[in-house]
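Asker: Fit chain W to the known structure of chain F by using the hints.
2 protein chains.
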Amino acid sequence: MSKELEEKFIKAEHVFDGQLLKVRKDTVLLPNGKEATREWIEHPGAVAVVPILNDGRIAMVKQYRYPMGKVTLEVPAGKLDQGEAPDKCVMRELKEETGYTANKIRKIATIGTTMAFSNEVIHIYVAEDLVEGEACPDEDEFINVEKYTKEELHTMIKDGTIDDAKSLVAILMANL
Amino acid sequence: MSKELEEKFIKAEHVFDGQLLKVRKDTVLLPNGKEATREWIEHPGAVAVVPILNDGRIAMVKQYRYPMGKVTLEVPAGKLDQGEAPDKCVMRELKEETGYTANKIRKIATIGTTMAFSNEVIHIYVAEDLVEGEACPDEDEFINVEKYTKEELHTMIKDGTIDDAKSLVAILMANL
Chain F
59 MSKELEEKFI KAEHVFDGQL LKVRKDTVLL PNGKEATREW IEHPGAVAVV PILNDGRIAM
119 VKQYRYPMGK VTLEVPAGKL DQGEAPDKCV MRELKEETGY TANKIRKIAT IGTTMAFSNE
179 VIHIYVAEDL VEGEACPDED EFINVEKYTK EELHTMIKDG TIDDAKSLVA ILMANL
Chain W
59 MSKELEEKFI KAEHVFDGQL LKVRKDTVLL PNGKEATREW IEHPGAVAVV PILNDGRIAM
119 VKQYRYPMGK VTLEVPAGKL DQGEAPDKCV MRELKEETGY TANKIRKIAT IGTTMAFSNE
179 VIHIYVAEDL VEGEACPDED EFINVEKYTK EELHTMIKDG TIDDAKSLVA ILMANL
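Respectively, the protein sequence lines represent chains F and W.
For what it's worth, my numbering labels the leading residue of the first sequence as 59, then goes sequentially.
For what it's worth, my numbering labels the leading residue of the second sequence as 59, then goes sequentially.
Chain F extracted, bound-state conformation (with noise of 0.2 Å):
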């Protein structure tokens, strides 16, 4: 017994539009014939990687995350410039983060990170063949890199290290 279930749009409104966030309040028609608004946070998309240096070790990325007051353990990622084809984008974003240049790339997953309230999409790939470089973070960016085994990754995600919701997805699907 499958219920209708999808929502039509009537109208957006934009109710904010900031340098990061576009916020939108939309209404629509649901299935049931009323009307009811859905608040939503509009979103380029983004990337994140799985590099696997020479060594089998991998590359991640320590840095602040305001909203959670915390520092955080991730795999280096980022959003898609306007008009950017996600595998352009994890090139750059893996070369401005850890310096790395990879000669193999792989797609791994496509994640909603938020479906409830947001768009985002999220491209996972796995990074191989790696050349060292010099990283060039954003000014506004600061970020460590650390490199860590396979086990030692599976140990920080089974003792809450890692607790970011891309990287427990990049790093599980990767099988490494």
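Note that these hints are calculated values from the structure, not bench results.
Take these hints with a grain of salt, some might be off.
Note: identical chains are not told apart, hence a pair may lie in one copy or across any two.
[Unchecked claim] Calculated pairs, DSSO-like style, for lysine-lysine (alpha carbon to alpha carbon, straight line, at most 30 Å):
(1) LYS69 to LYS128
(2) LYS205 to LYS92
(3) LYS83 to LYS216
(4) LYS216 to LYS146
(5) LYS128 to LYS92
(6) LYS120 to LYS92
(7) LYS208 to LYS83
(8) LYS153 to LYS216
(9) LYS153 to LYS69
(10) LYS162 to LYS69
(11) LYS146 to LYS66
(12) LYS216 to LYS205
(13) LYS205 to LYS165
(14) LYS83 to LYS162
(15) LYS80 to LYS146
(16) LYS120 to LYS216
(17) LYS162 to LYS66
Answerer: Frame of chain F; chain W shown alone:
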């Protein structure tokens, strides 16, 4: 060589206070002494649950996710009510969305979904020893319950049918 990473709060601005979304724009002091703004979503936190039925199948929910513009297959989940403990919330959401009551729950992870722009954390549980009952979704919530074997879930993870971040983490960390 570990750089200083922390950003310090200077002042807050509440730029949108909706029914669902609370949007903040804070001014912060960066590690390099400069100021920057941080736009982010205040979120009450949520729970998600992998309900393992007595026959070994897992109860999943199908619903329309307006920001994504599509019907998704996810583990049951929902936001914390004000002051609600996660283990109470998980029992409530499981009952509301699927009708099941669990005699046994255990927490397997707490994750951040979008650390760059939200403080949302999701407490992930496994629920077992389930007793069937009537679902009682919110008035504006349209949900179909479907049951899958662990093999079917892993196939749907590999082929991208399941692409919701919290559901992927929940299924992959539940050791089904």
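Asker: Give a verdict on every hint.
Answerer: Hints versus structure:
1. LYS69 to LYS128: Between. Shortest inter-copy distance 18 Å satisfies the 30 Å Cα cut-off; intra-copy 38 Å does not.
2. LYS205 to LYS92: Close across copies (29 Å), not inside one copy (53 Å); limit 30 Å.
3. LYS83 to LYS216: neither (38 Å within a copy, 34 Å between copies)
4. LYS216 to LYS146: between (32 Å within a copy, 23 Å between copies)
5. LYS128 to LYS92: between (42 Å within a copy, 19 Å between copies)
6. LYS120 to LYS92: between (46 Å within a copy, 20 Å between copies)
7. LYS208 to LYS83: neither (43 Å within a copy, 37 Å between copies)
8. LYS153 to LYS216: This pair counts as both: shortest intra-copy Cα distance 29 Å, inter-copy 28 Å.
9. LYS153 to LYS69: So LYS153 and LYS69 fail the 30 Å test inside a copy (41 Å) and across (33 Å) alike.
10. LYS162 to LYS69: For LYS162 and LYS69, the Cα distance exceeds 30 Å both inside one copy (44 Å) and across copies (44 Å).
11. LYS146 to LYS66: neither (34 Å within a copy, 33 Å between copies)
12. LYS216 to LYS205: both (18 Å within a copy, 27 Å between copies)
13. LYS205 to LYS165: The answer is both: 21 Å in one copy and 29 Å across copies each meet 30 Å.
14. LYS83 to LYS162: Neither. Shortest intra-copy (41 Å) and inter-copy (39 Å) distances fail the 30 Å Cα cut-off.
15. LYS80 to LYS146: Within one copy only: 24 Å inside a chain, 33 Å across chains, cut-off 30 Å.
16. LYS120 to LYS216: both (18 Å within a copy, 29 Å between copies)
17. LYS162 to LYS66: neither (42 Å within a copy, 39 Å between copies)
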